[in-house]
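> Each chain is listed here by its residues.
There are 2 protein chains.
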Amino acid sequence: MFFKIADLAVKHGFIRKNMLPNINFDQYKFGPVGLLLLSNLESEWFFHFVINKDVTVFINKDDFTSTFNFAKNTCCDRLPFGIVEKKGNKKMNSDDLIQYKTLTNSDSIEFCKRFPEEEKQFLKGTFFISPNESTKFFHQFQRQRRIWWRKISASPGRYLLTDNKTCENGSQTVEINAKYPWGYQEIEKLVLNSDLNDLGLENSQVQFKEGRKAVRPHTVTSTINLSTMFLNFLCDGYEEPLFQGKPRTILRFHRKVAPYRISFAVSGTNAVSISELSDLALYLSRQLRSNHISTLLLPSTSKHSLEAQYKQYDQLGVPYTAVLNENTLKDGILYLRSRDTTLKEQVHVTSLVTYIEQLFKNY
Amino acid sequence: MFFKIADLAVKHGFIRKNMLPNINFDQYKFGPVGLLLLSNLESEWFFHFVINKDVTVFINKDDFTSTFNFAKNTCCDRLPFGIVEKKGNKKMNSDDLIQYKTLTNSDSIEFCKRFPEEEKQFLKGTFFISPNESTKFFHQFQRQRRIWWRKISASPGRYLLTDNKTCENGSQTVEINAKYPWGYQEIEKLVLNSDLNDLGLENSQVQFKEGRKAVRPHTVTSTINLSTMFLNFLCDGYEEPLFQGKPRTILRFHRKVAPYRISFAVSGTNAVSISELSDLALYLSRQLRSNHISTLLLPSTSKHSLEAQYKQYDQLGVPYTAVLNENTLKDGILYLRSRDTTLKEQVHVTSLVTYIEQLFKNY
Numbered sequence: 001m002f003f004k005i006a007d008l009a010v011k012h013g014f015i016r017k018n019m020l021p022n023i024n025f026d027q028y029k030f031g032p033v034g035l036l037l038l039s040n041l042e043s044e045w046f047f048h049f050v051i052n053k054d055v056t057v058f059i060n061k062d063d064f065t066s067t068f069n070f071a072k073n074t075c076c077d078r079l080p081f082g083i084v085e086k087k088g089n090k091k092m093n094s095d096d097l098i099q100y101k102t103l104t105n106s107d108s109i110e111f112c113k114r115f116p117e118e119e120k121q122f123l124k125g126t127f128f129i130s131p132n133e134s135t136k137f138f139h140q141f142q143r144q145r146r147i148w149w150r151k152i153s154a155s156p157g158r159y160l161l162t163d164n165k166t167c168e169n170g171s172q173t174v175e176i177n178a179k180y181p182w183g184y185q186e187i188e189k190l191v192l193n194s195d196l197n198d199l200g201l202e203n204s205q206v207q208f209k210e211g212r213k214a215v216r217p218h219t220v221t222s223t224i225n226l227s228t229m230f231l232n233f234l235c236d237g238y239e240e241p242l243f244q245g246k247p248r249t250i251l252r253f254h255r256k257v258a259p260y261r262i263s264f265a266v267s268g269t270n271a272v273s274i275s276e277l278s279d280l281a282l283y284l285s286r287q288l289r290s291n292h293i294s295t296l297l298l299p300s301t302s303k304h305s306l307e308a309q310y311k312q313y314d315q316l317g318v319p320y321t322a323v324l325n326e327n328t329l330k331d332g333i334l335y336l337r338s339r340d341t342t343l344k345e346q347v348h349v350t351s352l353v354t355y356i357e358q359l360f361k362n363y
Numbered sequence: 001m002f003f004k005i006a007d008l009a010v011k012h013g014f015i016r017k018n019m020l021p022n023i024n025f026d027q028y029k030f031g032p033v034g035l036l037l038l039s040n041l042e043s044e045w046f047f048h049f050v051i052n053k054d055v056t057v058f059i060n061k062d063d064f065t066s067t068f069n070f071a072k073n074t075c076c077d078r079l080p081f082g083i084v085e086k087k088g089n090k091k092m093n094s095d096d097l098i099q100y101k102t103l104t105n106s107d108s109i110e111f112c113k114r115f116p117e118e119e120k121q122f123l124k125g126t127f128f129i130s131p132n133e134s135t136k137f138f139h140q141f142q143r144q145r146r147i148w149w150r151k152i153s154a155s156p157g158r159y160l161l162t163d164n165k166t167c168e169n170g171s172q173t174v175e176i177n178a179k180y181p182w183g184y185q186e187i188e189k190l191v192l193n194s195d196l197n198d199l200g201l202e203n204s205q206v207q208f209k210e211g212r213k214a215v216r217p218h219t220v221t222s223t224i225n226l227s228t229m230f231l232n233f234l235c236d237g238y239e240e241p242l243f244q245g246k247p248r249t250i251l252r253f254h255r256k257v258a259p260y261r262i263s264f265a266v267s268g269t270n271a272v273s274i275s276e277l278s279d280l281a282l283y284l285s286r287q288l289r290s291n292h293i294s295t296l297l298l299p300s301t302s303k304h305s306l307e308a309q310y311k312q313y314d315q316l317g318v319p320y321t322a323v324l325n326e327n328t329l330k331d332g333i334l335y336l337r338s339r340d341t342t343l344k345e346q347v348h349v350t351s352l353v354t355y356i357e358q359l360f361k362n363y
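Protein chains in written order, with UniProt numbering: chain S, 1 to 363; chain Y, 1 to 363.
Any given hint could turn out to be false.
[As the list claims (entries may be wrong)] Residues of chain Y placed beyond 10 Å of chain S at every Cβ, according to the derived structure:
(1) LYS29
(2) ASP63
(3) GLY237
(4) LYS330
[Unchecked claim] Derived list of chain S stretches under chain Y, where covered just means 3 residues or more per stretch with a C-beta under 8 Å from a C-beta of chain Y:
(5) 235-243
(6) 307-317
(7) 328-342
Honestly, the hints are just simulated from the structure, not real lab data.
Ideal Cβ placement from N, Cα and C applies to all residues, glycine included.
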């Protein structure tokens, strides 16, 4: 089934096959539509890890120690705070490499092996927490992270936390797994660590104030492989619902991460009305786009049958399609087709933008 | 003056000095607060180049030819469409390298020289336009691009278009410059090209349909150096307004790109009220953050004088500060201080989120 999904994804520009002579399994690279999906996923991650955290979070690039010192200084030597970073393969320290090896040795389909080594990137968040609060924080964090995956998923029941594993050095590890027909995929690793030696910080740097006491923080880290996250949501959305008795492939992306939020379909009987409806579609698309809503408006809109267009948009994972027909020119009413229900509802052209904004506002 | 700005930016975590033994001028890297600014700038660029375009835009990574073919196919061999990409130094083709050399040979402060070579990244947009429309598109595009820079700038008059230069091969080039006390800075290059040879595409690939005719598209490209864009907005925002007779440094970032949109200041007379006000500030900060508004809430909030806090927030470029005092605990009214006017207005705590959302909605 994974390869069926991959074929569909290749066809619609989510991924590209990486042609290399000396590998004996399919490897992929990001395609143009996939990069839109990836950009939405990274935005959701950024929102959850940087903007919407109770603790102050700083972004790091290249120099963890100097970011740590700036953060510590800005927070007046008080805990808690966090540091997030996007790390390439080359910039990993020994700790990351161990995690990385664990990832590539896991069984089955192995999302993380499906992209070339040099493309590997990790989203990593490190939170510095007072030792008195670290266990509580770790448990809350596990719950928050699981909710995050569920919230932007097409089938929230897929995401499970593993049991807490304690290592020799006292660190605790929990993984978030996604359940697929072909097995479990590890998609995120959460670690609570009381030992800061891996971070390359000096002893004097990790002294924080708590009231009148000096404390050494514990760290809670989250590590996500970017291409694993990407492939997860590609597979997460895949379904084969029956349509007129036959299975039909569809990508049910959550509307917050769908590469295109609304597409257009035009059905007219003659060249004049088709041209007028195409102009109307262009006008509506512009209005939506200037309101930060990503739309898909293709020249094929007026050329293929409605069913063929629906099929293409469903396979691209577009949540809604605005259907314009000749009556729209008379009474201004268009039909908004939902990908998930395949039902259509009437919306007046003047209220389309407001209505769509409402639909995409909440999770 | 540039070095005064740079010192201020280093102090507040926008940039870091890049310590290298063998360079004789100051070179920088991105600091934690600077990366927030950069992320906002990239979002504005992405919105303008990908989401809010009249033409369909595809994102490319690594393989221009295959993205081009996908785009052409998706658009049924019809023009126009666009391809955008973020390119590192290593992935540039010969055409980019020429542009790059032009950039580094420019005079004066040279934003683009201030970041290390290996960090150089370009945001590039290429639009494929029908030859009949390319000149019109190019002129509109120049205007749109100038408006974009002006719209998120603290002093819109700074941005000027140079005259149209025609090269030997027939391509036309226009630059967008920013005017500073120390001279002009080139910040974006726009090129109209009728010759597609630089793109490495085969002749058969660049045949498009227009009605019944076959046409070869013209291209309109925009190239922006990421670190130049970043330094530009850092310098663009810098001002030294008089405050009680003395000049005071301030970063007037546009509210759409400011790293933090709102900060908190607490003033109380005793430990109990300070603790209650800090809790209230934390509660309000959480509410704003869950509405995608980036806030700054530091442990120093209750420790420094109001004036010291304003100074810090002004230098960080935070557009608004919510000031909580003991009356807030009684009547629920806080003061919202504007960085630009230094005036305060009363807002009730219950309407803060809605009010702030309104303030940040439009440009």
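> Okay, the region 328-342 of chain S and chain Y, do three or more residues pass the C-beta test at under 8 Å?
With 0 residues close enough to chain Y, the hint is violated.
> According to the definition I'm using, a residue is off the interface if its beta carbon is farther than 10 Å from all beta carbons of the partner; does ASP63(Y) meet that for chain S?
violated, 7 Å
> Confirm or reject the coverage of the region 235-243 of chain S by chain Y under the rule of 3 or more residues with a beta carbon closer than 8 Å to the chain's beta carbons.
Violated - the region 235-243 of chain S has 0 residues with a Cβ nearer than 8 Å to chain Y, which falls short of three.
> Determine whether the non-interface label on LYS330(Y) survives the test: each CB of chain S must be over 10 Å from its CB.
With a cut-off of 10 Å, LYS330(Y) remains clear of chain S, as the shortest Cβ separation is near 26 Å.
> Is the nearest CB of chain S more than 10 Å from the CB of GLY237(Y)?
holds, 19 Å
> Counting residues of the region 307-317 of chain S with a beta carbon closer than 8 Å to any beta carbon of chain Y, are there 3 or more?
violated (count 0)
> Quick check for students: does the CB of LYS29(Y) sit more than 10 Å from each CB in chain S?
violated, 6 Å
In summary, the numbered hints that this structure violates are 1, 2, 5, 6, 7.
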